[in-house]
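Participant: Chain by chain, the residues:
Protein chains: 2
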Amino acid sequence: MKRENENVEFEETLDPDDWESMRKLGHKMLDDMMDYMKTVRERPVWQHVPERVKAHFSSPVPQQPQPPEEIYKEFVEKVLPYPMGNIHPRFWGWILGTGTVMGAFAELLAASMNTNTGGGANHIANHVEKQVIDWIKEMLGYPQSASGILTSGCSAANIIGLTVARNTKAGFDLRRKGLQRATQRMVLYASQEVHSSIQKAVELLGLGSEALRLLPINDYFQIDLETLKTSIKKDREDGYMPFCVVGAAGTTNTGSIDDLNALANLCQQENLWLHVDGAFGAWATIAPKAKNKVVGIEQADSLALDLHKWMYMPYEIGCILVRHEEQHRKAFSLTPDYLAHGEGRLGLTGGDLPWFSDYGFQLSRGFRALKAWMSLKEHGSRKYARIIQQNIDQALYLGELVNASPELELSAPVTLNVVCFRYVAPTMDNAELDELNKRIVIELQEQGVAVLSGTVIKGKYVLRAANTNHRSRREDFEVLVSEVMRIGKELTADRQP
Amino acid sequence: MKRENENVEFEETLDPDDWESMRKLGHKMLDDMMDYMKTVRERPVWQHVPERVKAHFSSPVPQQPQPPEEIYKEFVEKVLPYPMGNIHPRFWGWILGTGTVMGAFAELLAASMNTNTGGGANHIANHVEKQVIDWIKEMLGYPQSASGILTSGCSAANIIGLTVARNTKAGFDLRRKGLQRATQRMVLYASQEVHSSIQKAVELLGLGSEALRLLPINDYFQIDLETLKTSIKKDREDGYMPFCVVGAAGTTNTGSIDDLNALANLCQQENLWLHVDGAFGAWATIAPKAKNKVVGIEQADSLALDLHKWMYMPYEIGCILVRHEEQHRKAFSLTPDYLAHGEGRLGLTGGDLPWFSDYGFQLSRGFRALKAWMSLKEHGSRKYARIIQQNIDQALYLGELVNASPELELSAPVTLNVVCFRYVAPTMDNAELDELNKRIVIELQEQGVAVLSGTVIKGKYVLRAANTNHRSRREDFEVLVSEVMRIGKELTADRQP
Chain A
1430 MKRENENVEF
1440 EETLDPDDWE
1450 SMRKLGHKML
1460 DDMMDYMKTV
1470 RERPVWQHVP
1480 ERVKAHFSSP
1490 VPQQPQPPEE
1500 IYKEFVEKVL
1510 PYPMGNIHPR
1520 FWGWILGTGT
1530 VMGAFAELLA
1540 ASMNTNTGGG
1550 ANHIANHVEK
1560 QVIDWIKEML
1570 GYPQSASGIL
1580 TSGCSAANII
1590 GLTVARNTKA
1600 GFDLRRKGLQ
1610 RATQRMVLYA
1620 SQEVHSSIQK
1630 AVELLGLGSE
1640 ALRLLPINDY
1650 FQIDLETLKT
1660 SIKKDREDGY
1670 MPFCVVGAAG
1680 TTNTGSIDDL
1690 NALANLCQQE
1700 NLWLHVDGAF
1710 GAWATIAPKA
1720 KNKVVGIEQA
1730 DSLALDLHKW
1740 MYMPYEIGCI
1750 LVRHEEQHRK
1760 AFSLTPDYLA
1770 HGEGRLGLTG
1780 GDLPWFSDYG
1790 FQLSRGFRAL
1800 KAWMSLKEHG
1810 SRKYARIIQQ
1820 NIDQALYLGE
1830 LVNASPELEL
1840 SAPVTLNVVC
1850 FRYVAPTMDN
1860 AELDELNKRI
1870 VIELQEQGVA
1880 VLSGTVIKGK
1890 YVLRAANTNH
1900 RSRREDFEVL
1910 VSEVMRIGKE
1920 LTADRQP
Chain B
1430 MKRENENVEF
1440 EETLDPDDWE
1450 SMRKLGHKML
1460 DDMMDYMKTV
1470 RERPVWQHVP
1480 ERVKAHFSSP
1490 VPQQPQPPEE
1500 IYKEFVEKVL
1510 PYPMGNIHPR
1520 FWGWILGTGT
1530 VMGAFAELLA
1540 ASMNTNTGGG
1550 ANHIANHVEK
1560 QVIDWIKEML
1570 GYPQSASGIL
1580 TSGCSAANII
1590 GLTVARNTKA
1600 GFDLRRKGLQ
1610 RATQRMVLYA
1620 SQEVHSSIQK
1630 AVELLGLGSE
1640 ALRLLPINDY
1650 FQIDLETLKT
1660 SIKKDREDGY
1670 MPFCVVGAAG
1680 TTNTGSIDDL
1690 NALANLCQQE
1700 NLWLHVDGAF
1710 GAWATIAPKA
1720 KNKVVGIEQA
1730 DSLALDLHKW
1740 MYMPYEIGCI
1750 LVRHEEQHRK
1760 AFSLTPDYLA
1770 HGEGRLGLTG
1780 GDLPWFSDYG
1790 FQLSRGFRAL
1800 KAWMSLKEHG
1810 SRKYARIIQQ
1820 NIDQALYLGE
1830 LVNASPELEL
1840 SAPVTLNVVC
1850 FRYVAPTMDN
1860 AELDELNKRI
1870 VIELQEQGVA
1880 VLSGTVIKGK
1890 YVLRAANTNH
1900 RSRREDFEVL
1910 VSEVMRIGKE
1920 LTADRQP
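Protein chains in written order, with my numbering: chain A, 1430 to 1926; chain B, 1430 to 1926.
No wet-lab data here; the hints were simulated from the structure.
Errors might be hidden in some of the hints.
Intra- or inter-copy, both count: the list cannot distinguish identical chains.
Unchecked claim - Computed list of lysine to aspartate or glutamate pairs in EDC-like fashion (alpha-carbon distance at most 16 Å, straight line): (1) 1502 with 1449; (2) 1918 with 1904; (3) 1598 with 1567; (4) 1867 with 1471; (5) 1507 with 1907; (6) 1720 with 1861; (7) 1889 with 1864; (8) 1598 with 1503; (9) 1467 with 1446; (10) 1483 with 1781; (11) 1453 with 1655; (12) 1467 with 1447; (13) 1720 with 1567; (14) 1453 with 1648; (15) 1889 with 1447; (16) 1889 with 1699.
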């Protein structure tokens, strides 16, 4: 483009050379993405990436510019057809997110503004994020006086929550002096079913995975309270310093929810921190028929959760809430000269909100609050409540379908939205059944029918359907069951009596 | 919408009720965002958020749906006019990112696919991310055998790098046993000018900020090597265990770069880990006339950097590279039953790439690689090199303008892209000058002219322009200098002799 001031030497920019052709390309992308999301049901859930496509991604860094239209064509041919599949109505593997159209639009808006929501400062993104956090607290019945920050996900939220727990309970200035100055070994408790991100956080924080006591579960896959009490007592007698219990609101394996009320009472009696990992399960709080299962969650000292799983927002968005704002801030606030907070109401740093960087480990932060803000407005909390309940009802329905099929066996009670089951053939031993069910998971994926994941429950390999999918319908679960039956029968054809 | 199967009870979805009106809205958003980015130069860099707008963000969570068009209207009226300002050509506050049109488009595409790039698995996003990391290694001259992962930014990258350093150098199974089992206090070194995120990482990791020895700087704002050697020796004599040196490639205050070659040699001699925080400065490596300043960066054991600062990509995207893949993986890999990696080439988990979750603390991860992949193709590495060099040349030009103005004083040498200077009035003492310069920063912001930040250099409050802006032109720096002069004169009018 021509420059207004021709006597200034030529300077380059990354802005488009031709805004109008770039605009045209953007409109094409938008149309394609709408079609892509609208027609997802018509495609296989997942398909292999062909070797020739993989090979395409091994070329060296491009040195010269490539026309935007060509780059997009490459994206359409080589990237778009090979997603993980988690936006499809029959994707129930692990616990992934579905995303929405408005969520995707919001990402375009946020990246166009490209506002940094790290330091505080007087700009609107901070107010949007504060409102989103206030809304989350409101929906979950968590105290409005609590502090919070949006994170990349629940792993980061768990790290932040456990850092506040560790630093608050240490009894000395751990932030300054470090764990090595502690006189007693700090230990914490969770059930064997707790998510791996808790162990990773404990390791990151320098506590050592040995410090995380993984306790047995009861028949409902909840942490066994008697063992917990005994362990705390024994650890104290042995000179350890118990400081925290991690409650699970929705375990990954089975969707089970610890007795959070009992944990809250126990933690109060024992002066321990209660951290709840509510990655997806925290949202059971808003489901009319499930909220009784998570009672007590509002008593947590810190509560970690995701919005990219059960609130269906596009990646990445999680949240940590901390009951006592001061404890949260004390664990993370740090103000070097170049980040001096403004005084008064003047200038960009003269904002009247706390700085988000004082509540977590990110300094530069994008505007992830926008997709949450627009999404919650688009649907309203009541619709989210209905669809979360719908996912739970669908899981119960799948449980019924499994129970009604003699070849299928439910592997754990359906407490929430996770259904663990397996195909059984009477003539096979356990090792053979493990292999058979592994094969069924793979065949479902390979044939593009559905994506389940597998896990091990009580020593047995089982199929696992985790339903955080707003596109799923009952008929999808009917398809799942009949296809599992078909594949199971085909794979055991030579073993039929 | 009507359902195909009318005898199934009605199930809801978060998909649009009316795809066509949603599509129309998307096109409007896209047009508006193109205009917004194209016309940014015509607007003030920053403006206050009016109280009535702030007040708008205090309403309770919406319970009922709101039409998408209304939500967008609210966004246009209440959010869009009040950004932080960092996409404007005269924004040089802190070290923020400018973003690009293609980057914003890529966010739309990534969120529409909504692929989870956390676990490995056989889908294309993993290959895109691997290629982007390979490209980064190639551009920075870092060994291709190194491992890497894209992160939310450099804070997260520093956390990961220092975790690998800590765990590798501990000399025992720190991941399992924890820091409290160490017999010697682990300590590390950096200059006083190192970024605050290093301290935050050290605190998070349980090492304690006392363990971070912040050493004095030389005249070039680099870590003083003699003091470093003496400190390591003394710490060893005193029973501490030195394990790491953090080199800065581009300090926040002045853009200075430690003597990385010397640090690499010293670390090798002393058997210490060299972690380099190259948030923005790592990219000097590709600038023709600046790359000599960062020689040695390729010898780092771990290298943390951002792509949302000097590579101008929209938030959030950073990267950590680790020289020895095995050390990286050993610090983070963890595989519970529900994350079992697939065997062979079958099914979704049968991918042939490592799992990204084995190299960091996030499990769910979005597709942030896409914006990097598309951006690098759009411009090619050589154009990035030219524009980074352009930013450095512009900083030198600003330094010249400052030197040519008797009222202005350069506060530190211009090493890279950061210019620290202040307005001086001969009749004022230092305290008065501090107040005057604080006021100038605020006036520049309040009047919408430019955004600088302030910092303290050798006890004096100074103006700081950090140029990571692909939209800036030389004429913008001319405007800056003449406006600083105008404001300075106005503010000191009653003090003129």
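Participant: Confirm or reject each hint.
Facilitator: Tested hints:
1. In the homo-oligomer, the alpha carbons of residue 1502 and residue 1449 never lie at most 16 Å apart, since the shortest distance is 18 Å inside one protomer and 24 Å across protomers.
2. Taking identical chains as interchangeable, the C-alpha atoms of residue 1918 and residue 1904 are never at most 16 Å apart, the minima being 21 Å within one chain and 75 Å between chains.
3. Taking the closest pair of Cα atoms, residue 1598 and residue 1567 never come within 16 Å of each other, the shortest separation being 27 Å inside a single copy and 45 Å across copies.
4. For the homomeric pair residue 1867 and residue 1471, neither the shortest alpha-carbon distance inside one copy (26 Å) nor that between copies (61 Å) is at most 16 Å.
5. For the identical chains of this complex, residue 1507 and residue 1907 are neighbours neither inside a copy (33 Å) nor across copies (46 Å), given an alpha-carbon limit of 16 Å.
6. In this assembly of identical chains, residue 1720 and residue 1861 lie within 16 Å of each other by CA distance neither inside one copy nor across copies; the values are 39 Å within and 60 Å between.
7. For the homomeric pair residue 1889 and residue 1864, the shortest alpha-carbon distance inside one copy (10 Å) is at most 16 Å, but the shortest distance between copies (71 Å) is not.
8. Taking the closest pair of Cα atoms, residue 1598 and residue 1503 never come within 16 Å of each other, the shortest separation being 53 Å inside a single copy and 44 Å across copies.
9. For the identical chains of this complex, residue 1467 and residue 1446 are inter-copy neighbours only, at 11 Å across copies versus 32 Å inside a copy, given an alpha-carbon limit of 16 Å.
10. For the identical chains of this complex, residue 1483 and residue 1781 are inter-copy neighbours only, at 10 Å across copies versus 50 Å inside a copy, given an alpha-carbon limit of 16 Å.
11. Taking identical chains as interchangeable, the C-alpha atoms of residue 1453 and residue 1655 are never at most 16 Å apart, the minima being 65 Å within one chain and 59 Å between chains.
12. In this homomeric assembly, residue 1467 and residue 1447 come within 16 Å of each other (Cα to Cα) only across copies, at 11 Å, whereas the closest approach inside a single copy is 31 Å.
13. In this assembly of identical chains, the alpha carbons of residue 1720 and residue 1567 lie at most 16 Å apart only when taken from the same copy (14 Å versus 52 Å across copies).
14. In this assembly of identical chains, residue 1453 and residue 1648 lie within 16 Å of each other by CA distance neither inside one copy nor across copies; the values are 59 Å within and 52 Å between.
15. Taking the shortest alpha-carbon separations for residue 1889 and residue 1447, neither the intra-copy value of 60 Å nor the inter-copy value of 45 Å comes in at or below 16 Å.
16. When the C-alpha separation of residue 1889 and residue 1699 is checked against a cutoff of 16 Å, the pair qualifies neither within a copy, at 36 Å, nor between copies, at 50 Å.
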